Amino acid sequence: FFKVVEKRGISMNYVPLVGHGTVRYCVMGNDYKRRATKVERAEMEGLIRQAMEDGCIGLSTGLDYDPDVWASKEEINEHVSIMKDYDAIYAPHWRRTGRRRGVKFGDYRPNKMDGILEAIETCRKTGVPTHLAHLTPGWRLFPQGNDIMEEANIRATLKVIDDARAEGLDVTFDSMPWFIFGGFGVMPYLCSLLAPWLREQGSREKLGEWLKVPDYRKEVKDAIASGKWFIRFNYNPNTNPQWAEYIWVVKHKNRAYENRNIAQIAKEKGENPLDVWFDLICEDPDSRGVATGTADTGNFPWKPYKALFHQHPAHSLSLDTMVYDDKREQKVPPYRIPNINTYSGFPAFLIKFVREMKLFTLEEAIKHLSTNAAEAYRIKDRGVLKPGSYADIVLFDLEGLKVMGDPVEPRRYPKGIEYVFVNGVPVVEKGKHTGKKPGRVVRRGT
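Residue numbers for the sequence shown follow our numbering, beginning at 10 and rising by one.
Hint data in this document are derived by calculation from the structure and do not stem from the laboratory. These numbers come from a predicted model, not from an experiment. There may be inaccurate statements among the hints.
[What the hints assert, rightly or not] Below are the SDA-like pairs computed for lysine to any residue, each with C-alpha atoms no more than 20 Å apart in a straight line: (1) LYS424 - LEU404; (2) LYS93 - ALA51; (3) LYS276 - PHE239; (4) LYS446 - ALA400; (5) LYS312 - LYS93; (6) LYS389 - MET61; (7) LYS168 - HIS143.
Construct the entire structure; sequences and hints are all you get.
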């Protein structure tokens with residue numbers, strides 16, 4: 010795969026991890042909903058070592074997802090320990106929500122802090138540097154706590170990280186810029202979260218028509234309650250009592266609904282939020298929505314104390330997205346498009362924390378955007394500007410930085426970024442992509 014990437018060429022650098030879930034599925038196939046045998050674990054070890062020899066810089070896990078959610082702690086620790094032989098890292102998507110499929114009404118949600126402590130314990134037992142993906146507050150407060158409680162939640166979570174680091178454990182983390190309204194993309198249509206039924210009907214218009222039929226609506230409600238189909242965990246009525254507060258209407262035929270969430274509209278109407286959601290779709294199948302941060306992530310609206318994650322010395326900024334151009338659109342249900350973070354997450358960080366809040370100097374902010382990540386992932390001679398380092402450089406106008414995307418149309422490049430050099434070659438000149446492909450597969454140790 011690396012050779013294919015290098016042959017086709019890329020404009021950016023690519024730093025690969027080997028996914029434990031990919032390896033587990035390769036060995037166990039669809040029979041993964043159980044503990045792996047010793048023979049299977051040994052086969053997985055062989056594949057992990059092969060990937061490390063090929064140049065991967067570490068091992069990742071997705072402990073809320075199939076098939077890794079079924080892996081025992083012993084299996085995870087055994088495979089993470091392999092990283093010691095390669096001076097590599099462990100990057101867990103730690104157990105935060107529990108398995109995200111087959112979730113029915115009344116199911117128990119695991120304690121988030123247990124997932125953080127599990128990742129730290131893996132670091133302790135294996136001695137492998139551990140970088141936690143998407144760190145969020147360690148305890149769920151339902152209903153949402155007041156500002157004093159929410160700030161204490163963040164501080165208590167960071168104390169767990171600090172205690173581990175004081176013990177001598179190499180623990181770092183990343184967190185996302187939840188201060189951007191609509192920054193996390195799970196829609197863009199109000200009906201997009203109803204993906205199984207949207208696919209069944211084949212279009213937004215047909216789904217809107219069928220949701221008017223009482224028997225069909227009841228069938229959808231029953232399927233949601235039984236966990237028959239996947240509904241995104243944070244916005245699932247089975248698991249989040251406040252789900253309706255986090256789904257916002259940003260464009261609707263009836264303008265009175267815009268810039269309000271489903272909970273607000275339901276309260277005004279005196280109706281069930283689920284029915285209100287369906288009614289909004291029936292009235293305007295093309296209505297657009299935004300799913301904001303939840304108690305699992307970082308609730309909207311933004312509050313200054315939520316910057317505590319970003320201020321921590323072990324922090325790097327993450328976006329949890331992929332690489333797209335500004336034309337990307339899923340042509341089939343659920344018609345997903347990339348989110349604002351994809352195009353403007355890093356500029357928004359600089360605008361918010363350097364230009365507006367003056368929380369960081371520019372140099373301090375860049376350290377959180379670049380240097381900290383390179384150091385955490387053991388990437389040599391990158392993430393810094395010094396003699397002998399690779400010339401990966403962004404030239405931008407801090408005062409001219411501007412996020413151009415919005416919740417209705419997030420696919421807009423930011424203003425203010427004039428030049429981007431990758432390995433010394435300009436890939437952006439005067440704000441335009443040059444088409445050059447100097448990017449490399451950054452292998453372990455290079």
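List of violated hint numbers, smallest to largest
Hints 3, 5 not satisfied by this model.
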